[in-house]
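Quick mapping for you: the protein sequence lines, in order, are chains A and B.
Position 167 (the first sequence) corresponds to 167 in my numbering; numbering is contiguous.
Position 36 (the second sequence) corresponds to 36 in my numbering; numbering is contiguous.
Note that these hints are calculated values from the structure, not bench results.
It is possible that part of the hints are untrue.
Stated by the list, open to error - Straight-line C-alpha distance at most 20 Å; calculated SDA-like pairs for lysine to any residue:
no.: 1; chain 1: A; residue 1: K256; chain 2: B; residue 2: D109
no.: 2; chain 1: A; residue 1: K298; chain 2: B; residue 2: E146
no.: 3; chain 1: A; residue 1: K218; chain 2: B; residue 2: E146
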Amino acid sequence: MAERFPSRMTSMSTVQLLFRDPHVLRHVFWLNPGNKDRPMAKLYRNNRAPLGNKITLVAGNSLPIKVEGLGSNRRHIVLKSRNPQLLTVSAVQVNDRMLEQSLRIEVRRDGVVTSQRTFLDAFLNDGTPALSKKDQTTAPLEVEVLPEIRLPADSTEVGMLTRMLLVENITPGLPGYSSSEVEECMKWMRFVFINRMQLGSEFFGAGKNINNLVEFVKAPNQVEGFANYPKLSTVLGDNLARYIEIANDGTHAKNKAFRDYIALAVATARLSESELGKDPCITKLYAWRTTGAASPGKNFVLFASKGGQDFYTLTDSFIKDSGKGGK
Amino acid sequence: MAFCLSFKKYSLLLSFLIFSLAFNTVFGSDIPSSPFSDENQPTSRFDTSANSYFSFPEPSIQARIARSGKNDQINHFCIVGYQWGNGNMQVWVHWQEQKEIILWQGGDDEETQIASMALARKELVLGRDTVKSEEEINGSSYLITESAWHDIVNDCAKNGRQFTIDPFVSNN
Numbered sequence: 001m002a003e004r005f006p007s008r009m010t011s012m013s014t015v016q017l018l019f020r021d022p023h024v025l026r027h028v029f030w031l032n033p034g035n036k037d038r039p040m041a042k043l044y045r046n047n048r049a050p051l052g053n054k055i056t057l058v059a060g061n062s063l064p065i066k067v068e069g070l071g072s073n074r075r076h077i078v079l080k081s082r083n084p085q086l087l088t089v090s091a092v093q094v095n096d097r098m099l100e101q102s103l104r105i106e107v108r109r110d111g112v113v114t115s116q117r118t119f120l121d122a123f124l125n126d127g128t129p130a131l132s133k134k135d136q137t138t139a140p141l142e143v144e145v146l147p148e149i150r151l152p153a154d155s156t157e158v159g160m161l162t163r164m165l166l167v168e169n170i171t172p173g174l175p176g177y178s179s180s181e182v183e184e185c186m187k188w189m190r191f192v193f194i195n196r197m198q199l200g201s202e203f204f205g206a207g208k209n210i211n212n213l214v215e216f217v218k219a220p221n222q223v224e225g226f227a228n229y230p231k232l233s234t235v236l237g238d239n240l241a242r243y244i245e246i247a248n249d250g251t252h253a254k255n256k257a258f259r260d261y262i263a264l265a266v267a268t269a270r271l272s273e274s275e276l277g278k279d280p281c282i283t284k285l286y287a288w289r290t291t292g293a294a295s296p297g298k299n300f301v302l303f304a305s306k307g308g309q310d311f312y313t314l315t316d317s318f319i320k321d322s323g324k325g326g327k
Numbered sequence: 001m002a003f004c005l006s007f008k009k010y011s012l013l014l015s016f017l018i019f020s021l022a023f024n025t026v027f028g029s030d031i032p033s034s035p036f037s038d039e040n041q042p043t044s045r046f047d048t049s050a051n052s053y054f055s056f057p058e059p060s061i062q063a064r065i066a067r068s069g070k071n072d073q074i075n076h077f078c079i080v081g082y083q084w085g086n087g088n089m090q091v092w093v094h095w096q097e098q099k100e101i102i103l104w105q106g107g108d109d110e111e112t113q114i115a116s117m118a119l120a121r122k123e124l125v126l127g128r129d130t131v132k133s134e135e136e137i138n139g140s141s142y143l144i145t146e147s148a149w150h151d152i153v154n155d156c157a158k159n160g161r162q163f164t165i166d167p168f169v170s171n172n
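Same shape as in the complex, but just chain A (with noise of 0.2 Å):
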């Protein structure tokens, strides 16, 4: 930690020491004991940002924070968890000569099966380990502890079609982003499946009499990286360890927004045939592409874009060729 005092205090004036570092203030400040003004404890996270009143974790996660200020008895405060079981607080670094401790905040790893809620709180440290007085000028943290997202498992259909949705879609953050839009998005892909393995796999590549799903996605050259699944290209595995990795990191930016962008694709994925609703394309939903790209072949007409995704029909003549009729 960087020091923030001279190591001997030398004799220089008030001013001069506010000029050398802006920091001093407050702790001249604070040691004037005429002072009553104290600062309060304040929590931040060590980009500085503050921590507010409330935080998400995720189960596992582990949190460092800074408390800047001390209690009312000038000395630093110490922050309990109401539940233990679920959380604690752990000191990293704490002088009571300097304004600021680090703190960690860790939730357990095990156990935690649904949302829970519980609080630290600020207490005056006393000396002695009963911590029976609150400091009433720091506010309670609420911690909201989320559990571990899992993926369903990749042997089953709803498994693949889970990997398949989340790496077939854009995902937050990224350019044109809407969580209704690729939440229909996702809805439209598994209307294509649904409806090339009615029409026959032989159409696209699948070879004939594949009525499995898991086999149809994947065909040759279908479903980027599925070619091999369970295995999937490197690629696409690490941009799912990528989106589970922010979804159980409760401090990243962006970890509700991909915990939100999972449960849709593992939602969308359990769906059943009736509940996915009717299909939008009155000739049936047949491919995707990425919007603006090329068409995946001739017999393939333009539906719409949705969700960064150009979805497509078959032209009559196709369908009407195949003996199937689409219907």
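Based on these hints, arrange chain B on the given structure of chain A.
Chain B only, in chain A's frame:
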């Protein structure tokens, strides 16, 4: 008199042609059409350096090189951006040494931009992810024709931003 009218007519025609060429070059109707949907062509190129979603090209490129383990060589990149009237954008990045084009989706902060380049889901390698004809795309969500691949690369060389990255030590 007839000659004067003809000369005037030709002057007007020539002026119109010069204006059209300038207009099209600036606003991009010389954009190659094959990489894009016939029904939905981009309206123009855009300057990625002036767009906040693509404001960190250097660290993004470095991250991609480092992830690929190719940081011990000189690498050449090119970035070109296309946009549509409805606000849609596509930014293609050509990595010369790897013979690949990457669809860079950008991001609203540096971390997202770096991740979307390093972990780009659309990385189209010539020969591996390209086919000779449109028929061979056959419903794929990602394959493109070889000619479309080359069209993007050539357009980038002519109209994109060029980057040369010297060898560097990676933190990975």
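Notebook entry, point to check: Failing hints, ascending?
Noted result: 3
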